[in-house]
Structure formats: C-alpha cells, structure tokens
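Q: So the chains spell out like this:
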Amino acid sequence: MNSGIPTCREVERDLVAVAASEARPAAAHGVERHVAVCRSCRDELQRYRVLEGMVSDLRRAPVPGADPTLARAELESRLADIRSRMVTYGIFPSPLGKILIARSELGISMVRYIESEGAGRSHLARLAGDNVVEDEAAIEPVYRELLDYLNARATRLNWPLDLRWARSEFQRRVLSVTAELPYGAVASYGGIARRIGAPGSVRAVAQALRHNPLPIVIPCHRVIGSAGDLTGYAGSKIGLKERLLSLEGVPVGHRAAKIERRHMYVWIAPDKEYCVPSCGALSEMPLAQLTLFGSRRHAEAVGLSPCTSCRPDLHPLSA
Amino acid sequence: MVRDMTEDPFETIVATHHAEIHRYLVRATSRSGDADDLSQETFVRAYKAYQALPADANVRAWLFAIATNLSRNHFRAEGRRRHAMATAALGVSERSPSWPEGEAIANQASARIDRLVAALPFKQRAAFTMRKVHDLDYDAIGKSLECSAESARAHVFQALRKIRRGLDDLDVVHTER
Chain A
1 MNSGIPTCRE VERDLVAVAA SEARPAAAHG VERHVAVCRS CRDELQRYRV LEGMVSDLRR
61 APVPGADPTL ARAELESRLA DIRSRMVTYG IFPSPLGKIL IARSELGISM VRYIESEGAG
121 RSHLARLAGD NVVEDEAAIE PVYRELLDYL NARATRLNWP LDLRWARSEF QRRVLSVTAE
181 LPYGAVASYG GIARRIGAPG SVRAVAQALR HNPLPIVIPC HRVIGSAGDL TGYAGSKIGL
241 KERLLSLEGV PVGHRAAKIE RRHMYVWIAP DKEYCVPSCG ALSEMPLAQL TLFGSRRHAE
301 AVGLSPCTSC RPDLHPLSA
Chain B
1 MVRDMTEDPF ETIVATHHAE IHRYLVRATS RSGDADDLSQ ETFVRAYKAY QALPADANVR
61 AWLFAIATNL SRNHFRAEGR RRHAMATAAL GVSERSPSWP EGEAIANQAS ARIDRLVAAL
121 PFKQRAAFTM RKVHDLDYDA IGKSLECSAE SARAHVFQAL RKIRRGLDDL DVVHTER
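Top line first, the protein sequences correspond to chains A and B. For reference, each letter of the first sequence is one residue, going 1 to 319 in this note's numbering. For reference, each letter of the second sequence is one residue, going 1 to 177 in this note's numbering.
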C-alpha cells in the first residue's frame, strides 16, 4: 500500500474521465499520482486518450446508410396530415356566457355557447377525437375580436372560416348564404331557402341553422320566422338572439320576441336602394323576398342609398 | 385581423433537429430502416406534446429523450440485439455492402467503433452515443434514460471500457498483455 496513492482499481473510472477531460480536479490529481508509479495504468490512460480521439472522429464520419431525406419527407407529409386534423381551442367568458372557440389550420371551425367547460370539451372530443389541443393563448386574439364585436366596438368578424363540421353540402350552402346577411339586417328562413334555390326547404334551412357550428360569426341570429317571430336560437337561447339583434340596432318587441315589419327598412336584393316599409306594394310582399334593416346607418353601410320615391332619408321611421 | 393560421414554429424544430435525431437513432438502433420509422415517430409525438412544453425547455434534449424512449421500447425485441452482438463478434457488419471499407484509416477505425457500439447493451449504447457523438450533458442523458446523471456517466464509462477492450487487436492501440 502506497500512502495516499490510489490503487489501479480506484483510478479505473477516473482514467476514463481524465482522458475525456471531464475529471474533477481531485480525481485528476489522484490519476496523475497513480500513473507516475504505475506503468500499466499509464499505458491504459494513453489508450483511452487515443480512443477519445477516435471517438471524436465519429462526429465527423458519415453514418453508414443514414440518409434522413426520405424519412424527413415522409415526416413532413405525416405532420401535414396531423396538422390538417388538429384543432386548437380555448374557453372564454363573454357577455353571452361561456364560449368555446376552436380553430384549425384553415380557419375558425367552432364557436359554441357552453353550459360548462366539461360539456364543451366533450362536444369537441366527439367531433375531433384526440386531435384537440387547448391553447388559450393561440385563440386569445380571436376572442378579443369577438369581445369587440359583442361590445359593439366592431361590426365585422373577418375570420377565415373552416366549415369542416357542417353536416352536409346543403347545410354548407345555407351557412354560406347566411354568412352574407349584413350587420343590422334580418331575413326569414324562407328567404334563405329562396337564396339557395330551394324555396320549399324552409324547415331544412331552420334545421341547418339550428346546428350552425359558428353562431355569431355566421349570423343565424339574423334569420327569423316568416311572421317576424324570432322562433329559436342555439337550442332554447332565444334571449341571446334578441340581445345580438338589439346590439345591431334591430328593434325586437320585448313581450312577443317579434320583429315588426313596420319598424324596419326594406331592401329587395339586388336593388341598390332601400325603402320605408310602406313604399309601393312592399307591405304586401312575403318576408321571404325581403331583407329588413333596423337602421338606415346599417343599410347605407353596405352601399345602399335611400329610395327616391319613398325617401326614407326624409321620412325616417321612428324606432 | 387574426394571425396567419398556417404559421407553425414546429416546422423550424423539424428543420433544425431531424437530421441529428435520425443520425442518433441509426446508432441507437444500429439499423437505418428503424431510424427512418423512429425518427418520424419521435417528431410526431413531439408535435402532439409540443403545446404543453414550457417555453424555456431544452427542445433538443427533449427530442433525444423521446427518441431514446422509443428506441428502448423498440429494442425490447431482444432477439435483434443478440443478432447485432453476434454479427459484431464475427466482425461482420450486417450493413457491409454500404460500409466504406478500404477508405481512409480514420473511417475504418470509425467503422470498427461503430460495430462495437452496435454490440453494446442498449443503455450503454445510447448513453455513449448521446455523450460522445452528440455532446449532451449527463443530466440530459440521465433524463433520457430515466436514471441519474451519475448512472448515465457510469453507462458511458462501461461503454468506453468495452470499446477499449474490443479495440485491443487494432494497431492504433498497443496491447502488451
């Protein structure tokens, strides 16, 4: 036993560490003293140093058969596929209650009034399986715009939309036509049916709008019954429909949840003018042929001008 | 206006790390075909978990951990490892057609080491490759192998010792036994 000099066995690991230049000072010192007196460990240290040099060549040497190009290309296409199925969502408070907003890489795919977060999540899971990621931060900008809209600080939601959860081609057509209804205007279910070229499908239109995956954004609240009644909204949330319409300056009779034609300006697409409801034979025409505006401002905001015979600009309706 | 829906920071992660993770997996599994599959799987898993990753996380170490995990599970098909060990013991590579034999001496030595690495038990092979080829620290290696940094260091040590012995008959390292 040499006093204080570690044995071969004791320095074995430290030899490796010293060769790799990662030994602690005390260990390095022990190795230094040991190899000064031990020929075989000195040789061993030398071998490990040579090995370290060879091993460091591995970083530069090509790995045989390792061409990542094909794997990378396949990966990109798998990721593209996953990405296209992936849905990001957030749940937020709003003046109309809790709202779930979801989007895909194509656009906003869901706006939903929810009773509870759990109910919202399970609804989403039923539609999208496990391709769902909660990411409030990613949805936040969309939510801010929605809040501005609901607080009457904005009248448009210029979002790219993804109608992946439309249930049929028919519903897609209904939603697209409904999306074109201007802010502050209403039309009837029959009117939407006419516009998609299926005037007999009033009930089917109502069903399609009942399952609108994008309420508010696709303004199904602007679609009403042929007698001006609000009929329904998001299940039994007719109060929300009323609030959204009031927000847009559409006068809703509070007791009957009904829109009175005599309080609304009238437009027959594709005319360039809007009228008071008593102009000509307008009051005789079915609502399905008309679009009604609650205020002149919103009619003129879409480029319409006052009718030159009934002059709504000179004889405005008293709201 | 809503920000661009197609912008995806994960694309940068793939571009930055895929080739290296693939290279690591070729050594960790000692088969390039497996590396193709496992490198894809690594990034698909990473993509799904990416949103939950803290902003200050070490993405590279995290990817190595996923890749290591996948290849460990993959390698539980024990027979394959025995096969690799047997071919290494015979000094014959199963990849010999593409092996750059007869090129520079340095490449021959690298090839020789690669064969010895292929014959190591999984943990030693992975720890050695992460440390010596990819320069990861022992903490990161420990996390990948679900062990302490000290155990990770011990795996690298065992690997080096076996490789050292395996090279005894090679000219560059003199033996005097």
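No lab work stands behind these hints: they were computed from the structure. Do not take every clue at face value.
16 Å max Cα-Cα, derived EDC-like pairs, lysine to aspartate or glutamate [as the list claims (entries may be wrong)]: (1) A/K258 with A/D229; (2) B/K162 with A/E12; (3) A/K98 with A/E44; (4) B/K48 with A/E76; (5) B/K48 with A/D81; (6) A/K272 with A/E300; (7) B/K162 with A/E44; (8) B/K48 with A/E300; (9) B/K48 with A/D135; (10) B/K48 with A/E44; (11) B/K162 with A/E52.
Chain B side only, calculated, beta carbon under 7 Å to chain A, not exhaustive [unchecked claim]: (12) H22; (13) D36; (14) Q40; (15) F75; (16) R76; (17) S110.
All C-beta atoms in this analysis are idealised placements derived from N, C-alpha and C, irrespective of residue type, glycine included.
Q: Just to be careful, I want the Cα atoms of B/K48 and A/D81 compared with a cutoff of 16 Å; is the pair within it?
A: Between B/K48 and A/D81 the Cα gap is close to 13 Å, so the pair holds against 16 Å.
Q: Going straight from one Cα to the other, do B/K162 and A/E12 come out at no more than 16 Å?
A: Answer holds: B/K162 to A/E12 is near 13 Å, not above 16 Å.
Q: Please verify that hint: B/H22, Cβ, nearest Cβ of chain A, below 7 Å or not.
A: Holds - the Cβ of B/H22 comes within 7 Å of chain A, reaching about 4 Å at its closest.
Q: Against the 16 Å threshold, does the CA-CA distance of A/K98 and A/E44 hold or violate the hint?
A: Violated, because 71 Å separates the two Cα atoms, which is more than 16 Å.
Q: Compare the distance between the alpha carbons of B/K48 and A/E300 with 16 Å, and conclude whether the hinted pair is satisfied.
A: Since the Cα atoms of B/K48 and A/E300 sit roughly 48 Å apart, the hinted pair is violated (cutoff 16 Å).
Q: Run the distance test for B/K162 versus A/E44: straight-line Cα separation, threshold 16 Å.
A: holds (13 Å)
Q: Below or equal to 16 Å on CA atoms is what counts here, so check A/K258 against A/D229.
A: holds (4 Å)
Q: Given the hinted pair B/K48 and A/E76, is their alpha-carbon gap at most 16 Å?
A: holds (14 Å)
Q: Mind checking the alpha carbons of B/K162 and A/E52 for me, to see if they're no more than 16 Å apart?
A: Holds, at roughly 13 Å.
Q: Holds or violated: are the alpha carbons of B/K48 and A/D135 at most 16 Å from each other?
A: holds (12 Å)
Q: Can the hint on B/Q40 be confirmed by a CB-to-CB distance to chain A that is less than 7 Å?
A: holds (5 Å)
Q: Taking the least C-beta to C-beta distance, is B/D36 closer than 7 Å to chain A?
A: holds (4 Å)
In summary, the numbered hints that this structure violates are 3, 8, 10, 15, 16.
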